[in-house]
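Peer 1: The residues making up each chain are set out below.
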Amino acid sequence: MITELIITSTIKITLVIIVILTGVAYSVYAERRISALIQNRIGPNRVGPAGLLQPIADVLKLLLKEDIVPAKATKPIHTLAPMISIFVALCTIAVVPFGDSIHLFSRDIRLQIADVNIGILYILALTSLGVYGITLSGWSSNNKYSLFGGLRSSAQMISYELSMGLSVVGVILMTGSLSLQDIVLHQFGWKWNIILQPIGFITFLVAAFAETNRAPFDLPEAEPELVGGYHTEYSSMKFALFFLAEYANMIVSSTVIVTLFLGGWQFPYLQTFGLPPLVVSLLQVFTFVIKVVAMIVFFIWVRWSIPRFRYDQLMNLGWKVMLPLALANIVITALLIAIFRS
Amino acid sequence: MLPNWLARPALAGLGLSPGYSFILYLALIFNHNLNFLQFTFENILILFFSLLAVFGALMMVTRKNPITSALYLILNFFCVSAIYLLLRAQFIAIIQVLVYAGAIMVLFLFVIMLLNLHDESKLSEKITYKKLSAILISLLLFSVLAITVYFSYMNKYREIHSSAETIGTIEVIGNELYTTFSFPFELVSFVLLAAIVGAIVLAKKKFD
Amino acid sequence: MLNNYIPILILMLFAIAFAIVCVFLSKFIGPKNPNPVKLSTYESGMEPVGTARQRFSVKYYMAAMLFILFDIEIVFLYPWAVAYRKFIPNTVYYALIEMSVFIAILLVGYIYMIRKGALNWD
Numbered sequence: 001m002i003t004e005l006i007i008t009s010t011i012k013i014t015l016v017i018i019v020i021l022t023g024v025a026y027s028v029y030a031e032r033r034i035s036a037l038i039q040n041r042i043g044p045n046r047v048g049p050a051g052l053l054q055p056i057a058d059v060l061k062l063l064l065k066e067d068i069v070p071a072k073a074t075k076p077i078h079t080l081a082p083m084i085s086i087f088v089a090l091c092t093i094a095v096v097p098f099g100d101s102i103h104l105f106s107r108d109i110r111l112q113i114a115d116v117n118i119g120i121l122y123i124l125a126l127t128s129l130g131v132y133g134i135t136l137s138g139w140s141s142n143n144k145y146s147l148f149g150g151l152r153s154s155a156q157m158i159s160y161e162l163s164m165g166l167s168v169v170g171v172i173l174m175t176g177s178l179s180l181q182d183i184v185l186h187q188f189g190w191k192w193n194i195i196l197q198p199i200g201f202i203t204f205l206v207a208a209f210a211e212t213n214r215a216p217f218d219l220p221e222a223e224p225e226l227v228g229g230y231h232t233e234y235s236s237m238k239f240a241l242f243f244l245a246e247y248a249n250m251i252v253s254s255t256v257i258v259t260l261f262l263g264g265w266q267f268p269y270l271q272t273f274g275l276p277p278l279v280v281s282l283l284q285v286f287t288f289v290i291k292v293v294a295m296i297v298f299f300i301w302v303r304w305s306i307p308r309f310r311y312d313q314l315m316n317l318g319w320k321v322m323l324p325l326a327l328a329n330i331v332i333t334a335l336l337i338a339i340f341r342s
Numbered sequence: 001m002l003p004n005w006l007a008r009p010a011l012a013g014l015g016l017s018p019g020y021s022f023i024l025y026l027a028l029i030f031n032h033n034l035n036f037l038q039f040t041f042e043n044i045l046i047l048f049f050s051l052l053a054v055f056g057a058l059m060m061v062t063r064k065n066p067i068t069s070a071l072y073l074i075l076n077f078f079c080v081s082a083i084y085l086l087l088r089a090q091f092i093a094i095i096q097v098l099v100y101a102g103a104i105m106v107l108f109l110f111v112i113m114l115l116n117l118h119d120e121s122k123l124s125e126k127i128t129y130k131k132l133s134a135i136l137i138s139l140l141l142f143s144v145l146a147i148t149v150y151f152s153y154m155n156k157y158r159e160i161h162s163s164a165e166t167i168g169t170i171e172v173i174g175n176e177l178y179t180t181f182s183f184p185f186e187l188v189s190f191v192l193l194a195a196i197v198g199a200i201v202l203a204k205k206k207f208d
Numbered sequence: 001m002l003n004n005y006i007p008i009l010i011l012m013l014f015a016i017a018f019a020i021v022c023v024f025l026s027k028f029i030g031p032k033n034p035n036p037v038k039l040s041t042y043e044s045g046m047e048p049v050g051t052a053r054q055r056f057s058v059k060y061y062m063a064a065m066l067f068i069l070f071d072i073e074i075v076f077l078y079p080w081a082v083a084y085r086k087f088i089p090n091t092v093y094y095a096l097i098e099m100s101v102f103i104a105i106l107l108v109g110y111i112y113m114i115r116k117g118a119l120n121w122d
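Residue numbers (this note's numbering), protein chains in the order written: chain A, 1 to 342; chain B, 1 to 208; chain C, 1 to 122.
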């Protein structure tokens, strides 16, 4: 029984990691192509058909580069920091369901790595650990730009973690469970949380942008003043790990946003069409992938459309706008539930 | 913040506490006619995480660089969280990571970086009262833990209680906390309020 | 119940393995010809001045401190939010008022924080 569990979950995990890594490679490609489109350029188009092999070339190039560790850096921590970043980025996906369950090889396979009782809290806990990768890389490099990039980023991340945690409470109130599978099942038909929890959706979305250090919140790597921010002193695969972690975080937060607010793998009224179960399962996974891709494109679109915030504006937005907004959302949601359900 | 001479021993006591719980665990094993010494997968995991917690605690106390110390303390918190999980306390386990590893240790890192002790040897001065207070605090903690465990579990505690699984879930905690324990819960808000005001007042001189 | 966590353990092992392999792969594959200039700290092409580990604004410390306190507040909200529907219909208003009082008391601290300008970044 345990062995079967270990084998099936190892297969699932391998597949999910492969999908994420490919996803990262092609969201980098998509980012470059879409930004080129927005800025009226062409973008990478030489390596392979339409530049599709560009990500592979990039990875190979980074792999063959020299791994430079500055003489003044604290070496063990300098090596540890990118490892923490990628660890957090990859582990967060564990509780996100990418489908209901699928009947294959005469057994039901749940399309989720782990359905645990504490679902969302697991995601929030891992997100809060992401701060270490950035703070430590900034500190250990012993470089002024790195230190300030790291510090800004960690202060930004912890500030927005509050509004992220608070907007999740609204979703939990709607569902009464922390399990992400329950949250998706609760959003059947058109009862998506984006409709029932519009304020929570906005605060969560903004917090997700800030947590992933994406524009307009990419202060930690604001090039004009901080060079490369916390990863100024990184090269070769260690740099690649930060890059990978950033994009993996973007993908994972897209999956979390889709799961919490956009109905997850639910396709409205799909079960009523009378399709065979296998087709339904596959369509649900397909729906999930489409929603996630749309979300990623939205992330990229925002990055190339909105200018960067100033640091004081960013902190004020987090503490003085998003936090009270998310708090008000909780009280209003609770009040409405109390009125309409009793 | 605590004064420097007190902060380090207090941290040491905090860090060593899982070590003591491991010793207590061993005591439990040998006190029960080796009933506990079944090498199931679960027990091996508990043993592994306990040993790792002790290792983290020891490294935390002995490292010269305070940032490295802080990192070992995070490792220690992780192991404690894993032990909570193995004892079926899911909610407490994740809160351990969320609050201790994810929030409190970030503050510690900031404080270490803010104080920025250029001369790291300052921290390892051989002043005996520091070590003395460290030993005293950890002995106090040890005795508290020992007494608690001795009087509450000895002769009763053989295996994880069957109700542990339900009690550890967030649903049960929520139900209890907001009905039976609603008054202590409201008091918590005052404690937090005091902490907010205290933190601002203490740091206020710096940004005026 | 613990079985639910086994996949997470496996995933964590996978992630650790991936991180280690990536870091050490480049150490072995990449060229190695360091020189003092290459290994010096980057400071826009200038000679690095002083140390990077300077003291920084106390604001960062304030943000981290206040973050912990509000984070603990949020931790209390999770069990409440999960259990909230179980209070319907008899004690739901009790639960609502209970949490409103909790939030209101902390709101006093929040307003104090804003008034004192503890988080004014300028």
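Just so you know, the hints here were simulated from the structure itself, not pulled from any lab data.
Keep in mind that the hints are not guaranteed to be accurate.
[Stated by the list, open to error] Listed below are several chain B residues computed to face chain A (Cβ distance under 10 Å; list not exhaustive):
hint : residue
1    : Phe41
2    : Asn43
3    : Leu45
4    : Phe48
5    : Val61
6    : Asn65
7    : Leu87
8    : Val99
9    : Ala101
10   : Met105
11   : Phe110
12   : Met113
13   : Ile170
14   : Val197
Idealized CB from N, CA, C, for every residue including glycine.
Peer 1: Closer than 10 Å between Cβ atoms is the bar; does Asn65(B) clear it against chain A? Give me holds or violated.
Peer 2: 7 Å, holds
Peer 1: Does the CB of Met113(B) sit less than 10 Å away from some CB of chain A?
Peer 2: Since the shortest Cβ distance to chain A is 6 Å, the answer is holds.
Peer 1: At a threshold of 10 Å, is the proposed contact between Phe41(B) and chain A supported by beta-carbon distances?
Peer 2: Phe41(B) check passes; min Cβ-Cβ to chain A is 8 Å, inside 10 Å.
Peer 1: Under 10 Å is the threshold here; is the Cβ of Val61(B) close enough to any Cβ of chain A for the hint to stand?
Peer 2: Violated. Min distance 18 Å.
Peer 1: Would the hint on Val197(B) stand, with a C-beta cut-off of 10 Å toward chain A?
Peer 2: 17 Å, violated
Peer 1: Would you settle whether the hint for Ala101(B) is holds or violated, based on the nearest Cβ-Cβ distance to chain A being less than 10 Å?
Peer 2: 6 Å, holds
Peer 1: Would the hint on Leu87(B) stand, with a C-beta cut-off of 10 Å toward chain A?
Peer 2: 15 Å, violated
Peer 1: Hint check: is the beta carbon of Phe48(B) less than 10 Å from a beta carbon of chain A?
Peer 2: Given a least distance of 17 Å, the restraint on Phe48(B) is violated.
Peer 1: Min Cβ distance, Val99(B) to chain A: is it shorter than 10 Å?
Peer 2: With Cβ-Cβ at 9 Å, under 10 Å, it holds.
Peer 1: Please check whether Asn43(B) passes as an interface residue: C-beta within 10 Å of a C-beta belonging to chain A.
Peer 2: Interface hint status for Asn43(B): violated (15 Å vs cutoff 10 Å).
Peer 1: Does Leu45(B) pass the interface check with chain A, least Cβ-Cβ distance below 10 Å?
Peer 2: Violated, about 13 Å.
Peer 1: Next item in the hint list is Met105(B). Is there a CB on chain A closer than 10 Å to its CB?
Peer 2: Result: holds, 8 Å to nearest chain A Cβ.
Going through the hint list in order, the structure does not satisfy hints 2, 3, 4, 5, 7, 14.
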